Amino acid sequence: MTVTTSARTQRATRRRRFSWTPYLFIGLAVLYLLLFAVVPLLKGLDLSFTNTRLLNPTAGKYIGFDNYDHLLGSGAFFKSVVTTLVYTAFTVVGSLALGTVSAFVINRFFPGRILARAVMVMPWAVPTVAVVLVFRWIYNDSTGVANAATAALGLGERGWLTDPSYGMLSVVLATVWKVTPFVMLVVLAALQSVPEDLYEATKIDGADSYSTFKLVVLPFLLPTLRVVALLMTIWSFRRFEIIWLLTGGGPVDVTTTIVIDVYRQAFNNSQLGLAAATGMLGLLLSLIVTAVYFVVEQRANKQNGVNA
Amino acid sequence: MIARRRLSTGVRALLALLLTCLAGFPLFWIINTAMTPTTDLFQGQQRLVPDISRTLDVFSVLTTDTPFLGWMANSAVVAFGTTLLSLVMATMAAYALSRYKFVGKGPMGFLFFATQMLPEALLVVPLYSLFAALGLLNQLSGLVLVNTAFAMPVALFILKSAIDNVPYELEESARVDGCSPLSILQVMVVPLVAPSMAAAAVITFFDGWNEYLFATTFIRDRSSWVGSTGLASFIGEFSTPLDTVFSAALVFTIPAIIFFLLMQRKIVSGLTAGSVKG
Amino acid sequence: MPTIEFDQVSKNFAGNTVIKGFDATVADKEFLVLLGPSGCGKSTMLRMIAGLTDISSGELRFDGVAVNDLEPKKRNIAFVFQSYALYPHMSVRANIGFPLVMDNFKWWHHIPLVGGFARRALMKRGDIAGEIDQVAEMLELTDYLDRRPKALSGGQRQRVAVARSLIREPALYLLDEPLSNLDAKLRTQMRAEISALHDRVQKSFVYVTHDQVEAMTMGTRIIVLNDGVVQQYGTPKEIYDRPANTFVARFIGSPPMNLVPVTFTDRGADMFGNTLSFAPPETLGEQAMQLGIRAEKVRVHAAGQDDGQAGYPAQIVTVENLGAETVVGFKFGSEPHDFEVGARASRDLFYAKLVGDVRLEHGQMCTVSFDPGDVLWYSTESGELFDSTQMASS
Ligand SMILES: Nc1ncnc2c1ncn2[C@@H]1O[C@H](COP(=O)(O)OP(=O)(O)OP(=O)(O)O)[C@@H](O)[C@H]1O
Ligand SMILES: [Mg+2]
Numbered sequence: 060m061t062v063t064t065s066a067r068t069q070r071a072t073r074r075r076r077f078s079w080t081p082y083l084f085i086g087l088a089v090l091y092l093l094l095f096a097v098v099p100l101l102k103g104l105d106l107s108f109t110n111t112r113l114l115n116p117t118a119g120k121y122i123g124f125d126n127y128d129h130l131l132g133s134g135a136f137f138k139s140v141v142t143t144l145v146y147t148a149f150t151v152v153g154s155l156a157l158g159t160v161s162a163f164v165i166n167r168f169f170p171g172r173i174l175a176r177a178v179m180v181m182p183w184a185v186p187t188v189a190v191v192l193v194f195r196w197i198y199n200d201s202t203g204v205a206n207a208a209t210a211a212l213g214l215g216e217r218g219w220l221t222d223p224s225y226g227m228l229s230v231v232l233a234t235v236w237k238v239t240p241f242v243m244l245v246v247l248a249a250l251q252s253v254p255e256d257l258y259e260a261t262k263i264d265g266a267d268s269y270s271t272f273k274l275v276v277l278p279f280l281l282p283t284l285r286v287v288a289l290l291m292t293i294w295s296f297r298r299f300e301i302i303w304l305l306t307g308g309g310p311v312d313v314t315t316t317i318v319i320d321v322y323r324q325a326f327n328n329s330q331l332g333l334a335a336a337t338g339m340l341g342l343l344l345s346l347i348v349t350a351v352y353f354v355v356e357q358r359a360n361k362q363n364g365v366n367a
Numbered sequence: 004m005i006a007r008r009r010l011s012t013g014v015r016a017l018l019a020l021l022l023t024c025l026a027g028f029p030l031f032w033i034i035n036t037a038m039t040p041t042t043d044l045f046q047g048q049q050r051l052v053p054d055i056s057r058t059l060d061v062f063s064v065l066t067t068d069t070p071f072l073g074w075m076a077n078s079a080v081v082a083f084g085t086t087l088l089s090l091v092m093a094t095m096a097a098y099a100l101s102r103y104k105f106v107g108k109g110p111m112g113f114l115f116f117a118t119q120m121l122p123e124a125l126l127v128v129p130l131y132s133l134f135a136a137l138g139l140l141n142q143l144s145g146l147v148l149v150n151t152a153f154a155m156p157v158a159l160f161i162l163k164s165a166i167d168n169v170p171y172e173l174e175e176s177a178r179v180d181g182c183s184p185l186s187i188l189q190v191m192v193v194p195l196v197a198p199s200m201a202a203a204a205v206i207t208f209f210d211g212w213n214e215y216l217f218a219t220t221f222i223r224d225r226s227s228w229v230g231s232t233g234l235a236s237f238i239g240e241f242s243t244p245l246d247t248v249f250s251a252a253l254v255f256t257i258p259a260i261i262f263f264l265l266m267q268r269k270i271v272s273g274l275t276a277g278s279v280k281g
Numbered sequence: 551m552p553t554i555e556f557d558q559v560s561k562n563f564a565g566n567t568v569i570k571g572f573d574a575t576v577a578d579k580e581f582l583v584l585l586g587p588s589g590c591g592k593s594t595m596l597r598m599i600a601g602l603t604d605i606s607s608g609e610l611r612f613d614g615v616a617v618n619d620l621e622p623k624k625r626n627i628a629f630v631f632q633s634y635a636l637y638p639h640m641s642v643r644a645n646i647g648f649p650l651v652m653d654n655f656k657w658w659h660h661i662p663l664v665g666g667f668a669r670r671a672l673m674k675r676g677d678i679a680g681e682i683d684q685v686a687e688m689l690e691l692t693d694y695l696d697r698r699p700k701a702l703s704g705g706q707r708q709r710v711a712v713a714r715s716l717i718r719e720p721a722l723y724l725l726d727e728p729l730s731n732l733d734a735k736l737r738t739q740m741r742a743e744i745s746a747l748h749d750r751v752q753k754s755f756v757y758v759t760h761d762q763v764e765a766m767t768m769g770t771r772i773i774v775l776n777d778g779v780v781q782q783y784g785t786p787k788e789i790y791d792r793p794a795n796t797f798v799a800r801f802i803g804s805p806p807m808n809l810v811p812v813t814f815t816d817r818g819a820d821m822f823g824n825t826l827s828f829a830p831p832e833t834l835g836e837q838a839m840q841l842g843i844r845a846e847k848v849r850v851h852a853a854g855q856d857d858g859q860a861g862y863p864a865q866i867v868t869v870e871n872l873g874a875e876t877v878v879g880f881k882f883g884s885e886p887h888d889f890e891v892g893a894r895a896s897r898d899l900f901y902a903k904l905v906g907d908v909r910l911e912h913g914q915m916c917t918v919s920f921d922p923g924d925v926l927w928y929s930t931e932s933g934e935l936f937d938s939t940q941m942a943s944s
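Protein chains in written order, with the working numbering: chain A, 60 to 367; chain B, 4 to 281; chain C, 551 to 944.
Because the hints were derived from the structure by calculation, they are not lab data.
Computed from a prediction, not measured in an experiment: that's the story for all the values here.
By construction, the Cβ of each residue, glycine as well, lies at the ideal position given by its N, Cα and C atoms.
Where hints are given, some of them may not hold.
What the hints assert, rightly or not - Here are a few chain C residues that face chain B, going by a calculated C-beta distance under 10 Å:
(1) 601
(2) 623
(3) 629
(4) 649
(5) 665
(6) 797
(7) 805
(8) 809
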């Protein structure tokens, strides 16, 4: 009697319901990404071990790690890595700072708030090509409004897109302008998710505004800021269009980030193999940053206990 | 106390004014440049107030002298296709990720997140050869396919976080009443996440609308160009008057701005929730 | 209309066992009530019957056939969720009609877009519309048919949920606290409606509640659950008259059954210093037992006015006059005490339920008596009912 019961019990336990349904639902999307993202990625990996050239793409030969050797031994690659890091650091810090300030400003009532918010969100919606067009016009050497402004302030005129000392600044400014609204909206959402009664509770408990901020607002804000920082970072690593169309990597390569380098090697120097190797190394960098992020996140979660 | 509050409101309004000006200026400058005669522009004569009366002239020049409206129509086709394809796949995948436990769920979720990391510039070469093999170069449908690969995961994150918030009991109840999983998705889930679907639609639509890199590499025929490549072709060329170029930029920008403004809240809550759980 | 058999049914949530070896056989057409305190696993049990929650181990059988893996829709059930689960994007009418519409779905109605039209068409069909109107009328929802659930009160929502489950004629009705949010009058009325429905349709019902009045009045069989373990399975009368253990004794009845500690000494059975005039048939070898007596079986007289029977001195602590009856709380003892007023005063009290308005007062000394025939004996250690017939057989 006991034996049969336990056998039956085991059978019931082992027989976990298997269902094809989730695979039917998710399968299409997964296959799609495999075809249009993973396969090209693997193809890129494959290319990175060849000396394939754009003009005769089928004639590439496997050359082992030569491309990687070449890149890791060349100053140019490390320069593009540094450029990428500099560009990323400035855009992330700039947009995070500006976006957070904007969110705090917009979060409370003042006359004209709705209008201000609408205007402050708009840059996010402007197509990149249009952004580039207007910033090129603003940065224009002879007739640009940027120079008109600096001249009026008595600072003289700059070659915003032609002077190597200003190229990076110009690109970063245009980028920050475009992406800050995203940060602002996300931080705003986080601020508004702070339950009203929490504010009230701290007020009743007699907290001043600094401790209210520290105890109530910050815990809601930090997780969001961390996520936004990660997204901003990996998006900056792969951002192509705004830099390419604004400066093409110049002046004198000061804005040649890894992705610009990839594109130029492929389409200007027609070295597909080398371009692919560069891209793979760039991807590796993104992966490292993401991994670091998740480690930091995990540690933060552990410190905060169970939540988040 | 009241005085202090009034002061801080004042500071806030002032700061807001500054930020609004910074954010608004380039936009304003697009409008202003579009409304200033080209001759004035190149003599550094651009005034600070746009000459609204030129609106109709500028746009009639744009429609008659450039194929820009045709390019925008191509953009619309690409964007619409991207939206449709992305939403269908993303809705189903989001539903599976939100509601089912299954072997391979983790890696699949990672696959969707990982596409956020892939640089387009890296994939453009292999995709070019893939599309050449499939005969998809120079075709708007090719752009739809490639844009979907990048837009669909974003839609998926938005939709997953929305579906996570639909009470599971509704679906259980529908199951008891005899709904199949596919009809649960249609009858219960889709109507309930409609606002987020709209947000995801806007985001994917403008992913397709704004995309430049693939459009410029894959589409060679001038007549098949899309808005972004057409607009970019004006950069650094001098045969098209600058005010016309900027009116094109303006026309290309306005739909995006309107939709984003209407949808901003949904977009953001979807994006944050989606990526937090990523 | 199945017989439902539970064979060692258990449920774990991540290592936490919520239902422990549930065993029962429920005959066809029973009105089974699952009764128990909050969190004891009633909803989990019901969801396992419906197939919404996987059974961790053991077997659930309908008419002898294991149904552990049967799809919910194939079980031919109606379910009222504790949280209603109304479809927020549909009108009340569409909510109520939904099960009927789905019943009439052909396979090709599940194709995208087709389904939408099919549903709209089916809602308009005469028989379905008629059914909806009829059920709505029974539950007094006619005025709200075109509203969305959001625009209803809690009780109205609950009635929509009930209406949705009553519209079909499934083999098995599963209802999870369907009346918890209604006012007293409506609840009485709905109790009657559901009981009448049960008589009319002659189908099995499983009804979850923690309201013992519902359990006693509606159920033909009651399962009392605590902590995922079946405490007792029987008819309402069995459960009321012979609670199987002290948990059931305390859980059923208002006020609960009195459980008075009794110790056995050389002189006999001792209850608060009084020697009882009777003793349990066997003492089971325990030094102490609990004497169970229903409050309505206890008689109370003002001191000095005994009716001649053997009584035990006590002092009255609380008097609650409920109109038709009076509930008197007392403590045993012959010495008067000053009792605190408030929550603590009602601890460790024993109760008597007396008919009519009785002239007894707080603090008054009295005599308590009861018939030995009304007494049940419970083990102090295990809490089990000491059952003389069972004792004889084992
Ligand atoms: N999904 C779940 N994961 C983990 N624990 C759960 C889950 N669902 C229920 N439980 C636990 O199982 C126990 C029984 O829950 P159940 O909902 O069945 O109680 P109940 O008897 O219906 O209570 P109530 O009268 O309050 O509705 C509870 O302790 C609950 O915390
Ligand atoms: Mg429950």
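We went through each hint and held it up to the structure:
1. 601: holds, 8 Å
2. 623: Interface hint status for residue 623(C): holds (4 Å vs cutoff 10 Å).
3. 629: holds, 5 Å
4. 649: Check passed: Cβ of residue 649(C) comes within 4 Å of chain B, closer than 10 Å.
5. 665: Cβ of residue 665(C) sits 6 Å from chain B, so the hint holds.
6. 797: Where the cut-off is 10 Å and the nearest Cβ of chain B is about 30 Å from residue 797(C), the hint is violated.
7. 805: violated, 36 Å
8. 809: Cβ of residue 809(C) sits 39 Å from chain B, so the hint is violated.
Taken one by one, the earlier hints fail for this structure at numbers 6, 7, 8, listed in ascending order.
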